[in-house]
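Trainee: Residue numbers (the numbering used here), protein chains in the order written: chain U, 1 to 390; chain Y, 1 to 240.
By construction, these hints were calculated from the structure, which means they are not laboratory data. Bear in mind the structure is a predicted one, so any value in this text is a computation, not a measurement. Errors might be hidden in some of the hints.
As the list claims (entries may be wrong) - List of simulated lysine-lysine pairs, DSS-like, C-alpha gap at most 30 Å:
id: 1; chain 1: U; residue 1: K10; chain 2: U; residue 2: K141
id: 2; chain 1: U; residue 1: K169; chain 2: U; residue 2: K258
id: 3; chain 1: Y; residue 1: K202; chain 2: U; residue 2: K312
id: 4; chain 1: Y; residue 1: K13; chain 2: U; residue 2: K380
id: 5; chain 1: U; residue 1: K312; chain 2: U; residue 2: K349
id: 6; chain 1: U; residue 1: K10; chain 2: Y; residue 2: K149
id: 7; chain 1: Y; residue 1: K231; chain 2: U; residue 2: K312
id: 8; chain 1: U; residue 1: K380; chain 2: Y; residue 2: K31
id: 9; chain 1: U; residue 1: K250; chain 2: U; residue 2: K223
id: 10; chain 1: Y; residue 1: K174; chain 2: U; residue 2: K10
id: 11; chain 1: Y; residue 1: K202; chain 2: Y; residue 2: K150
id: 12; chain 1: U; residue 1: K10; chain 2: Y; residue 2: K137
id: 13; chain 1: Y; residue 1: K88; chain 2: U; residue 2: K380
id: 14; chain 1: U; residue 1: K10; chain 2: Y; residue 2: K88
id: 15; chain 1: Y; residue 1: K231; chain 2: Y; residue 2: K92
id: 16; chain 1: Y; residue 1: K150; chain 2: U; residue 2: K10
Said to hold, decoys possible - Covered stretches of chain U (chain Y as the covering partner; in silico rule of three or more C-beta atoms under 8 Å from a C-beta of chain Y):
id: 17; stretch: 9 to 15
id: 18; stretch: 292 to 303
Claimed, not checked - Not close to chain Y: a few residues of chain U, all C-beta gaps over 12 Å, as computed:
id: 19; residue: T19
id: 20; residue: R108
id: 21; residue: S136
id: 22; residue: D251
id: 23; residue: Q338
id: 24; residue: D385
Heads up, the beta-carbon is just placed ideally off N, CA and C, and yes, glycines get one too.
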Amino acid sequence: MNFSFIKFRKIPLAWLLLTRQPLRLIVAIAGISFAGILMFMQLGFRDGLFDTSVTIHKLLDADLVLISPRSKSSISMSGFPKRRLIQTLALEDVEKTAPVNLTYLLWRNPENLKTRSILTLGFNPSDSLLLDDGFSRKADKLKNPGRVLFDKLSRPEFGPIEDWFLSDKKVETEVAGKRVLVEGLVELGPSFGADGNLITSRETYLRLFPANPKGSIEIGLVKLRSGSNPIMVTEILNKSLPNDVRVLTKDQFIEFEKDYWKNSTAIGFIFSLGALMGFVVGCVVVYQILYSDVTDHLPEYATLLAMGYRLKSLFFVVAREGFLLALFGYLPAYFSGQILYSIVRNSTKLPIVMDANKTVLIFILILVMCMGSAGIAMRKLVDADPAEIF
Amino acid sequence: MPKAINKKIKNSKTVSINNLSHFYGINENKKQVLNNVNFFIEKGELVLLKGPSGCGKTTLLTLIGALRTCQSGDLTVLNNQLNGASRKTRQKLRRNIGMIFQGHNLLRCLTAEQNVQMGADLITNLTYLQRREVARKWLSAVGLEDHHKKLPNGLSGGQKQRVAIARALSANPKLLLADEPTSALDSVTGREIVSLLRKLAKEQNCSVLMVTHDPRISDMADRILNMEDGKIFNALSELR
Chain U
1 MNFSFIKFRK IPLAWLLLTR QPLRLIVAIA GISFAGILMF MQLGFRDGLF
51 DTSVTIHKLL DADLVLISPR SKSSISMSGF PKRRLIQTLA LEDVEKTAPV
101 NLTYLLWRNP ENLKTRSILT LGFNPSDSLL LDDGFSRKAD KLKNPGRVLF
151 DKLSRPEFGP IEDWFLSDKK VETEVAGKRV LVEGLVELGP SFGADGNLIT
201 SRETYLRLFP ANPKGSIEIG LVKLRSGSNP IMVTEILNKS LPNDVRVLTK
251 DQFIEFEKDY WKNSTAIGFI FSLGALMGFV VGCVVVYQIL YSDVTDHLPE
301 YATLLAMGYR LKSLFFVVAR EGFLLALFGY LPAYFSGQIL YSIVRNSTKL
351 PIVMDANKTV LIFILILVMC MGSAGIAMRK LVDADPAEIF
Chain Y
1 MPKAINKKIK NSKTVSINNL SHFYGINENK KQVLNNVNFF IEKGELVLLK
51 GPSGCGKTTL LTLIGALRTC QSGDLTVLNN QLNGASRKTR QKLRRNIGMI
101 FQGHNLLRCL TAEQNVQMGA DLITNLTYLQ RREVARKWLS AVGLEDHHKK
151 LPNGLSGGQK QRVAIARALS ANPKLLLADE PTSALDSVTG REIVSLLRKL
201 AKEQNCSVLM VTHDPRISDM ADRILNMEDG KIFNALSELR
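Here chain Y stands alone, though its shape is the one from the complex (with noise of 0.2 Å):
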């Protein structure tokens, strides 16, 4: 295992992970996960990863969400080697990552507009106003601006998704991490939601992981990683 580095590695890929391997649990109880994968995502690219439930999916996005701890084999996310990484430095590169849940998980108190401002607001070198502003950008961008003012109890699925994406992209991440963002939606929002980060993320030329099951999509990604037992098997697979 690497030793501890948290200096920047210089890359052109967005994420490049080489045998990475992860386990749950300990002694007999101890499972692996992740078994030696290896891929890469470059700056710009809408990437799918599929898979049947249990296969690793999840553990895969939380790893390179730096919400993890990694254990074994290299894991560069934005330049950042993660194995061996300090819980600060994980911290701090999780402001470059926008991340957007199955679940939206937005904050009940707060309106549409001040959710996507809570991601603008890791932008330090702006005044609160400008801040704001780029929340009602994020929120024009995504077709909700007369719905700035809504709490997230008064929007639709559709809508909370929405608020969910300008608030991941209000931070200007370079890297875009979505949990099957259009699980809850029907077919026509769920094209339309990620035809929309498909646009926003090659304007603001970020790369999209997005973990999916949802057949509806998939000629829409720029690649598509098939992953089974905690291993990709089409890591190189040119879909477009």
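This is chain U alone, in the form it adopts within the complex (with noise of 0.2 Å):
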């Protein structure tokens, strides 16, 4: 390897430039970082939000999914006729299926008995519904009437329904009214949409929820037998079932669901537009660090040049202040990021992460901004005459 670059090397200007004014770098680092940790928090808002809208569509036991054409999302469930999902039966790859209701209840907290909506799930308990192995065993205590399986990750307003279970107390409450006793716990996590979940049998569902149809159902869950093709299925069963129903692979139900946060609602442009905010901001900050740095290097820059150095060598010097820039905002705007993350996601439990993606965005966000601004300062250094400093 060649490492003349090292042994010819040049004395770091760029870096004296911005190290030897400790007051106004820390300014810049912290101008810089305010506005990733503002790009952080409001992308980690956006993808979390995407994110949990879909986490029990992620957790569903199912190869297709029936919904009605008129639902528009798990906030706004239609429902359609249950017999849809059994006239699937008829096609050889369909194995078997689950019908699934989904509605909005109240909630009451047994600790101070202030009520609160909470997303109801009524399955047959015999049925499949969640890909997880401890679930089947919880879903045989929802076959007694009035037994409920509460979500431990719901937001704490419902009450410490997770401390109260795990001590062996009975926990009681009322849902819609009526009166439930929690016999397990689960593990869902709440979305923008829902605060919490809740899951029980159809029976227990219809009792809670008497408004409800019979025959009614919101979530048709079909398993495929093994090697069969989803995309095909779905085809073959969406024009061969009447159009009071629509199937989806899960797949599509899952990005059906997103479709609904990203186009029909302003939340994800809100976060965007947040984030974008922050870059605006940040751009703002490092384009007045900089360009007041060259304007008052600028009898120094005339200097250099008076001397013999090249424009293009300055250009280069405040290129690499903007580089370094990036680099010293972007350290404490990532640390900063993932510590108010970790609070957001345990006051909220929101699932938000700080993922490879939103690392490298950031930075080359935040490195664009700062390339950017110092390219506009660059434009002052034009100023500097050489000829006027004598």
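Hey, can you piece these two chains together into the complex? The hints should help.
Mentor: This is how it looks when you write it as structure tokens:
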């Protein structure tokens, strides 16, 4: 490897320009970090929203999902006839089906007796609902009427259900004004649409929500025989079934939910706009810092030009300053982002994680921000007239 | 006006000027600052340029230093015709010209040694360590070897001027242009600085053109040029 660039290196002017003015450097780092943190948080919330909105979707034990064409998302599901699900069994590729009801009901906090809306799923305990090894054992307990499984990742406003349950305390409360007994805990996680989740049998569900017609379901789960092509079966079912039902693969069902949050609500746009705001704030801060730095050092830059340095070399000095600021600003933003993600995770139970995509994306954004600002600040360098310094 | 000439012209003189004129402004605001200036500087000469404020000394210095575009007349510096010379030619030529400014213009973020090394960094065939050695050698030559780690803020006016001289000389210039380098110094330090410049210039076979109002250093020059209203009066006068 050729290390001649080390041997023939020059004085690190950009580094010294930045580090010999510590106060200005700290202000610059604080500004860039703030912008970085803002972008981390906004993109974190946006991705968290999209991820949490499909937490249950991903856990469903199904290859295909039947929904009503009128359904918009999990927060506005419409019913369709349960017999459509049974009709799918006519196809040889279909191994088994599971009808699921889904709606929001009012849960009473057994501690302070306040009510709060909770996403409630009703299914036949003998069917497989979730991709969870221990779930079928827990589901057996739902065969008795009035029994529910509570999502322990639900927000604390629903009460200290997990603590009470684990301390063998009988956890009894009301859902939709009817008495229920918590028979077990599951791990699903809240979403932007639901602060908590509850699973019960269809029998209990219909007792809690009697307005729901018995022959109507919101979701139909279809499990295919091994070797079947889900896309092909979906096409066949969509053609053969009446248009009061829509068949999706599990992946399509997940995308269907994400699309709602991305395109039919302002939430995705708001968080993206928030990240853009952070980017703009960062650009302004870095530009101000670099512009005043260039302005302050203009006579010195002019001196260098008079000595025979090329204007291009000075552009590189400012560009290096921009690059160094990007590095210095990114690192605190990254670590602060990690801490804030952890705080948000613990307080909201939202799965906001620092994944590789966000890590790289925000670094690129900060780099673009700093290099772009450096590029604009370079225009001031053209004003450095070496003839004026005599 | 001659056509753009970027090629070198064989000339034994460091600076050769024939009928050089220069103007500022346009139309009715056009003002002539140099009027048919003629003179030359030999190799190793120390020439003082004197004259009242506004007579065109600094303009002449910036033209010789390839900092301005030459408008009219012939200006040959280190065998380069500057009338019509490209920006790149002028930039390359400046690498062979050391400049000492009235305000010394040291880089505030660099130590004395690093400031001098910025000059040495223009010598491309030296390694970083060799260039640092050059910087230390010149700092030592101007008597500041014990101050090499100091930032300009920690140096006196005389010391800063010495650093500026060391910086100008560290790039092995063939021509040194100095604009009132002693104006901010007391008489003893002023003489010391000019004496140092003279000694170093002679050792390096480097010509020096110094703009000054300081009568205390006149006796140290090889020649003194007097300038008034954009004209040189005694271009051929010998002092020593």
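Trainee: For every hint, state whether the structure bears it out.
Mentor: To see whether the hints hold, each was checked on the structure:
Distance restraint check for K10/U and K141/U: the Cα-Cα separation of roughly 75 Å exceeds the 30 Å cut-off, and the hinted pair is therefore not satisfied. The hinted pair formed by K169/U and K258/U fails the criterion: a straight-line CA distance of about 38 Å is larger than 30 Å. For the proposed pair K202/Y and K312/U, the alpha carbon gap of about 34 Å is over 30 Å, so the pair is violated. A threshold of 30 Å between alpha carbons decides the hint, and for K13/Y with K380/U the separation of about 38 Å lies outside it, so the pair is violated.
Proposed proximity of K312/U and K349/U is contradicted: the alpha carbons are some 52 Å apart, above 30 Å. A C-alpha spacing of about 17 Å is found between K10/U and K149/Y, which places the hinted pair at or below 30 Å, so the restraint holds. Of the supplied pair hints, the one linking K231/Y and K312/U is violated, its CA atoms being roughly 37 Å apart against a limit of 30 Å. For the hint linking K380/U to K31/Y, the alpha-carbon distance of about 28 Å falls within 30 Å, and the restraint holds.
Between the alpha carbons of K250/U and K223/U the distance comes to roughly 10 Å, so the proposed pair stays at or under 30 Å and holds. Taken as a hint, the K174/Y and K10/U pair is honoured in the structure, with Cα atoms around 23 Å apart against an allowance of 30 Å. About 29 Å separates the Cα atoms of K202/Y and K150/Y, which keeps this hinted pair within 30 Å; it holds. In summary, the hint linking K10/U to K137/Y is supported, as the alpha carbons are separated by about 18 Å, within the 30 Å threshold.
Distance hint between K88/Y and K380/U is fulfilled; the C-alpha atoms sit about 20 Å from each other, no more than 30 Å. Taken as a hint, the K10/U and K88/Y pair is honoured in the structure, with Cα atoms around 22 Å apart against an allowance of 30 Å. For the hint pairing K231/Y with K92/Y, the CA-to-CA distance comes to about 29 Å; that is within 30 Å, so the pair holds. Only pairs whose Cα atoms come within 30 Å are accepted, and K150/Y paired with K10/U is accepted, the gap being roughly 19 Å.
Counting residues of the stretch 9 to 15 of chain U whose CB falls under 8 Å from any CB of chain Y gives 4; the rule of at least 3 is met. Counting residues of the stretch 292 to 303 of chain U whose beta-carbon sits less than 8 Å from any beta-carbon of chain Y gives 5, enough to reach three: the coverage restraint holds. T19/U, annotated as away from the interface, has a beta carbon of chain Y within 12 Å; the closest lies near 8 Å. Even its closest Cβ contact with chain Y, about 67 Å, leaves R108/U beyond 12 Å, as expected for a residue assigned away from the interface.
For S136/U, the non-interface assignment is confirmed: its Cβ lies about 70 Å from the closest Cβ of chain Y, beyond the 12 Å cut-off. The beta carbon of D251/U sits about 57 Å from the closest Cβ of chain Y, which is more than 12 Å, so the claim that it is off the interface holds. Listed as outside the interface, Q338/U is consistent with that label: its C-beta sits roughly 33 Å from the nearest C-beta of chain Y, beyond the 12 Å cut-off. The Cβ of D385/U sits about 8 Å from the closest Cβ of chain Y, inside the 12 Å cut-off, so the non-interface label is violated.
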